[in-house]
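Listed here are the chains, written in short residue letters.
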Amino acid sequence: EAGVVQSPRYKIIEKKQPVAFWCNPISGHNTLYWYLQNLGQGPELLIRYENEEAVDDSQLPKDRFSAERLKGVDSTLKIQPAELGDSAVYLCASSSGRGNSSSYNEQFFGPGTRLTVL
Amino acid sequence: AQSVTQLDSQVPVFEEAPVELRCNYSSSVSVYLFWYVQYPNQGLQLLLKYLSGSTLVKGINGFEAEFNKSQTSFHLRKPSVHISDTAEYFCAVSGGFQKLVFGTGTRLLVSP
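From first to last, the protein sequence lines are chains P and Z. Note that the working numbering has the first sequence beginning at 1, numbered continuously upward. Note that the working numbering has the second sequence beginning at 119, numbered continuously upward.
It is worth saying that the hints were derived from the structure and are not from the lab. Please note that a few of the clues may not be correct.
What the hints assert, rightly or not - Simulated DEER-style distance windows between Cβ atoms: (1) Z:V147 x P:L39: 26 to 36 Å; (2) P:E106 x Z:F132: 31 to 41 Å; (3) Z:S127 x P:K71: 33 to 43 Å; (4) P:Q80 x Z:P230: 46 to 56 Å; (5) Z:E184 x P:E44: 21 to 31 Å; (6) Z:I178 x P:K71: 29 to 39 Å; (7) Z:P136 x P:L84: 21 to 31 Å; (8) Z:S144 x P:E106: 46 to 56 Å; (9) P:K16 x Z:P136: 46 to 56 Å.
Stated by the list, open to error - Computed from the model, here is a short list of chain P residues facing chain Z with C-beta under 7 Å: (10) P8; (11) Q41; (12) A67; (13) Y104; (14) E106; (15) F109.
All of these numbers come straight from a predicted model, not from anything done at the bench. Just so you know, even glycine gets a beta-carbon here, dropped at the ideal spot from N, CA and C.
Bound conformation, chain Z alone (with noise of 0.2 Å):
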């Protein structure tokens, strides 16, 4: 089974600085890696994904991650934010079948 564990539950951040949103996971398996964002009453929107190849992988809206299979890991970065950035974003993790396990997610306030 995989996990998913996002330990900051809000980032708070002022506009232009850089951030990053961390996420580790748990399998036993090989994985796929992803961010989904989440604006206020709307659903989720796929920021980026691993699937294999290059470890560092990039999003839309500037935003990339990084995979480190020894770390577990799968952080967040954007070098600069915007106030149109906040919002919820979700870490989340598939060992296949299509099956999505999602983190608690971390809320990103940005302000100017």
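Bound-form chain P, shown alone (with noise of 0.2 Å):
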């Protein structure tokens, strides 16, 4: 079974250009998540769908930041334009079910697209 698949692996930009990265989640899971993870920290939630609704989206920078899944399966997230500070690795996880507080389903990552802004 293949795993996420995340395009492009690594992306080099100059700042204030737009750069957009693809996630494809297992195949058959509802619920993708968009990370960001910083050099030498812990992954941190940027935005959750289930299926095509983004159900958290409250840690998207949403002034240069976006986000879609239109179609519930693949999904693109967009900067534009790129500044210095986001410079940093990119991850997309996928899990299956819906998310309550009595469950948990195992999210699945992906390689990650590490950005460099120049």
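Put the two chains together into one complex; each comes in its own frame, and the hints tell you how they fit.
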């Protein structure tokens, strides 16, 4: 079974340029997550989708970041314009089922996209 | 809200020695606890999880962890490490609703 696929694996851009990351979750997983991992830190959730609905985007900087999951399968995360401080690894994860307070469904992570902003 | 503290940023150890990676958490609600491993240039892989039941949890690659509610800890242990265990290890907590909060990670360095 294929895991979570992300592309590109590496991206180098100049500041103020736009950039987009793509994620294809594990087949059948209806929940998709985008995380930001700064150097030397743990991942931090940016946004969580259940199917095509963004159910938690409270940590997404909406002035420059946007995300979409139009058909409830793959997803794109965009930054426009990129800033130097956006240099980080962007991780995508997926899980089955819906989140509630009394259960937990394992999140499976992709390899990430390492963004460098010059 | 939940938070996780991993006090050790780096743990050097010799091959075949035992190791313990420390994790303390803070939460006002019942929690689920996790340990993830991240090898260089790869995503995170789940090592083990505590959801309920026995406080001693066994995971993959010979790792285990013990949930201690009174000390709010979930330390990761392995009795004998290998060179291939060199990686970054993240403790994480969830209060439900699929929301994971990660610690800052501990780099395990295994040398011959």
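Verification of the supplied hints:
Take Z:V147 and P:L39: their Cβ atoms lie about 31 Å apart, and the range 26 to 36 Å holds. In this structure the hint that P:E106 and Z:F132 lie 31 to 41 Å apart at CB holds, the actual value being about 33 Å. Range check, Z:S127 to P:K71: about 42 Å between beta-carbon atoms, so the 33 to 43 Å window is met. Checking the proposed 46 to 56 Å range against P:Q80 and Z:P230 shows it holds: the Cβ atoms sit about 48 Å from each other.
A hinted range of 21 to 31 Å for the beta carbons of Z:E184 and P:E44 is consistent with their spacing of about 27 Å. About 34 Å separates the C-beta atoms of Z:I178 and P:K71, a value consistent with the hinted range of 29 to 39 Å. At roughly 42 Å, the beta-carbon separation of Z:P136 and P:L84 lies outside the given 21 to 31 Å, and the hint is violated. Range check, Z:S144 to P:E106: about 23 Å between beta-carbon atoms, so the 46 to 56 Å window is missed.
Separated by about 51 Å at the C-beta atoms, P:K16 and Z:P136 satisfy the suggested range of 46 to 56 Å. For P:P8, the interface hint is violated, the least distance from its beta-carbon to any beta-carbon of chain Z being 13 Å, above 7 Å. For P:Q41, the shortest C-beta to C-beta distance to chain Z is roughly 6 Å, which falls under 7 Å, so the interface hint holds. The restraint placing P:A67 at the interface with chain Z is violated, with a minimum CB-CB distance near 16 Å, outside the 7 Å limit.
Annotation: P:Y104 was flagged as interfacial toward chain Z, and the flag holds, the nearest CB pair being 5 Å apart, inside 7 Å. Evaluation of the P:E106 hint against chain Z yields a held restraint, the C-beta minimum of about 6 Å falling below 7 Å. Nearest Cβ of chain Z to the Cβ of P:F109: about 4 Å, under the 7 Å cut. The hint holds.
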